[in-house]
Amino acid sequence: MANGLTLGSIYALVALGYTLVYGILGLINFAHGEVVMVGALTALAASKLLLAAALPPVVVFVLAFLFAALVCMALSLVIERIAYRPLRNAPRLAPLITAIGVSIILQQLAMMLWGRSYHAMPQLLPEAAFALGGVQITVIQLVIIGVAGLTMAALLVLVNRTRLGRAMRATAENPGIAALMGVDANRIIVLAFMIGSALAALAGMLVASNYGIAHYNMGFMLGLKAFTAAVLGGIGNLAGAVVGGLLLGVIEALGAGYIGDLTGGVLGSQYQDVFAFFVLIGVLVLRPAGLLGERVAERA
Amino acid sequence: MSAAMSFTRVPRKVQLVLAAMALAALPFMVSAGLGNTWLRVLDFALLYVMLALGLNIVVGFAGLLDLGYIAFYAVGAYVYALLASPHFGLHWPVWAILPVGALAACGFGVVLGAPTLRLRGDYLAIVTLGFGEIVRIFMNNLNAPVNITNGPKGIAGIDPIHIGGHALSQPLEIFGVTIPALVLNYYFFLALALLVMLAGLRLHDSRIGRAWAAIREDEMAAKACGINTRNVKLLAFAMGASFGGLAGGLFASFQAFVSPESFSLMESIMVLCMVVLGGMGHIPGIILGALVLTVLPEAFRHGAGPVQQAVFGQVLVDPENLRMLLFGMALVVVMLYRPSGLWPDPRHRQEFNSR
Numbered sequence: 016m017a018n019g020l021t022l023g024s025i026y027a028l029v030a031l032g033y034t035l036v037y038g039i040l041g042l043i044n045f046a047h048g049e050v051v052m053v054g055a056l057t058a059l060a061a062s063k064l065l066l067a068a069a070l071p072p073v074v075v076f077v078l079a080f081l082f083a084a085l086v087c088m089a090l091s092l093v094i095e096r097i098a099y100r101p102l103r104n105a106p107r108l109a110p111l112i113t114a115i116g117v118s119i120i121l122q123q124l125a126m127m128l129w130g131r132s133y134h135a136m137p138q139l140l141p142e143a144a145f146a147l148g149g150v151q152i153t154v155i156q157l158v159i160i161g162v163a164g165l166t167m168a169a170l171l172v173l174v175n176r177t178r179l180g181r182a183m184r185a186t187a188e189n190p191g192i193a194a195l196m197g198v199d200a201n202r203i204i205v206l207a208f209m210i211g212s213a214l215a216a217l218a219g220m221l222v223a224s225n226y227g228i229a230h231y232n233m234g235f236m237l238g239l240k241a242f243t244a245a246v247l248g249g250i251g252n253l254a255g256a257v258v259g260g261l262l263l264g265v266i267e268a269l270g271a272g273y274i275g276d277l278t279g280g281v282l283g284s285q286y287q288d289v290f291a292f293f294v295l296i297g298v299l300v301l302r303p304a305g306l307l308g309e310r311v312a313e314r315a
Numbered sequence: 368m369s370a371a372m373s374f375t376r377v378p379r380k381v382q383l384v385l386a387a388m389a390l391a392a393l394p395f396m397v398s399a400g401l402g403n404t405w406l407r408v409l410d411f412a413l414l415y416v417m418l419a420l421g422l423n424i425v426v427g428f429a430g431l432l433d434l435g436y437i438a439f440y441a442v443g444a445y446v447y448a449l450l451a452s453p454h455f456g457l458h459w460p461v462w463a464i465l466p467v468g469a470l471a472a473c474g475f476g477v478v479l480g481a482p483t484l485r486l487r488g489d490y491l492a493i494v495t496l497g498f499g500e501i502v503r504i505f506m507n508n509l510n511a512p513v514n515i516t517n518g519p520k521g522i523a524g525i526d527p528i529h530i531g532g533h534a535l536s537q538p539l540e541i542f543g544v545t546i547p548a549l550v551l552n553y554y555f556f557l558a559l560a561l562l563v564m565l566a567g568l569r570l571h572d573s574r575i576g577r578a579w580a581a582i583r584e585d586e587m588a589a590k591a592c593g594i595n596t597r598n599v600k601l602l603a604f605a606m607g608a609s610f611g612g613l614a615g616g617l618f619a620s621f622q623a624f625v626s627p628e629s630f631s632l633m634e635s636i637m638v639l640c641m642v643v644l645g646g647m648g649h650i651p652g653i654i655l656g657a658l659v660l661t662v663l664p665e666a667f668r669h670g671a672g673p674v675q676q677a678v679f680g681q682v683l684v685d686p687e688n689l690r691m692l693l694f695g696m697a698l699v700v701v702m703l704y705r706p707s708g709l710w711p712d713p714r715h716r717q718e719f720n721s722r
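Protein sequence lines correspond, in order, to chains A and B.
Count the first sequence with the numbering used here and you get residues 16 to 315, in order.
Count the second sequence with the numbering used here and you get residues 368 to 722, in order.
Don't read these hints as lab results, they were simulated from the structure.
Note that this is a predicted model, so its numbers are computed, not measured.
Glycine included, C-beta positions come from ideal geometry on N, C-alpha and C.
Worth double-checking, as some hints may not be accurate.
Only part of the chain A face toward chain B is listed, based on derived beta-carbon distances under 7 Å [as the list claims (entries may be wrong)]:
id, residue
1, P106
2, I120
3, G180
4, A182
5, V289
6, L299
7, P303
The shape of chain A in the complex, shown without the other chains (with noise of 0.2 Å):
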């Protein structure tokens, strides 16, 4: 169940940025889990240089962290300026297909950057475990669904509460009448963009922490996996997004754990993704616009 959490505030957090440009633009971002694995490195290698700096662990993690949110920010300004841009009135399928190609070449460019081998995150939380209610729970566990949840907090603030919100939310209803009304489009999607690559950026610094690895191919699978959450929740909806992410968490953990007991040892934990897809697919039919979307008309 811990696992569970763990991992589904690191969905919830990537599936936040997914869900803010999509609610704005239509858009799905397919290079956004790149994006999160070169945050993962780059904080990596960030942390590794500032170690060798004698700076305490957790100083390190923080500036290592905000680094990782300049670099993301900047190579989303970008991906955003070439791939995206341009095409903003294009057929629907085409940014998808720059989306892919941008991703493949991040890919690439991580590869020869990095090389293929996997890189040991340095250690820089305790790894203690303490008993918490009769769950067994590790620091790095408990920091990471504790930021996750502030940062979410903070964001739903952000949208919900302020000027800023307002104006994203104008845009996402309706950029037309939003731009009469004196709002920037493309200053918030810009800014939509940026907002999402830097918690790609906590989740990529989360995720090497608590696996203790990072590795140019690790952006393919967690973005998927948080698309799915995003969808889940209902894309577009930044609650969704939270819910999809922690319930697609949850699901993931305790099926590895109990399938093999609910089929009788017939099925193993191999079969992990196929029951997180299963209830996937289920909650869909049941609810075709994901658990807290609205019916949006005609859009896709």
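On the provided structure of chain A, position chain B as indicated by the hints.
Okay, now just chain B, sitting in the frame of chain A:
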């Protein structure tokens, strides 16, 4: 330009004969000029043409975004592998297996289509993606408790296609001329690809094809016009899946080996790229897209090393790495300059511009 103009003035029958001669001579020219590796690439390109044409029915004609299309290819391939290999000791003839494989894939298409009829757009995409992964994971793990698919090791020793008592994996001697095995496969694949292409063209102009176009443009309006959207959408899934299953069977026999690795999500995405890059819904465009996306990575594979050697005097970047990098860039650049695809349907260009 002027050559192309004058070509259109040649009578249609002569055009067809010339095209047929060019297609028949192509494998010999390729193997003489570029070697047998490229002949293999050509055979694979034809398989991908079939796959892309099949997916085009679902995505291009009916407008249903399918990210798990490779599952049907996998079903076709595994049906062939199970019915014609030492794994179960079965050796059915090819004319029996290919229809069975296509039918099985068609069944899977309906199984996928039926529960997802209410879903649209990206929700449909993610469910089909999940379906594709489910099929792959099952193929990976169905070696226990009963060994059906032999798990990640895959099934080897699959029979080659026999036509009239001759195996396509052996060279054939006719009138003293030896035709290599790869060329025989080419002719067989070409014949089937042409069949699939003709089916696609006829479907496009048929009553069903117009119904698909109507659903793609506006499902509500299509329903109001009296189209049975449920059946017509299911038909799109079933037909697309059968073509995929057919191509899968050919793939299994050609490789003589199948394993779950060949049917990853990346393959689904590649086929989708072929459809979108070529020009959704436009059959000549799709064929072009499939050919470009099969040949381009191979060209980069062979070119990346030597060109660096020639320009810089040493290999600076791992060629395999550079090949994928260039491929990714090619995808982005093509879409930026031709957002509707390389060769879009002139009649549909307007329709696709709306979201």
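Hints versus structure:
| no. | hint | in the structure |
| --- | --- | --- |
| 1 | P106 | 4 Å, holds |
| 2 | I120 | 4 Å, holds |
| 3 | G180 | 24 Å, violated |
| 4 | A182 | 22 Å, violated |
| 5 | V289 | 5 Å, holds |
| 6 | L299 | 6 Å, holds |
| 7 | P303 | 5 Å, holds |
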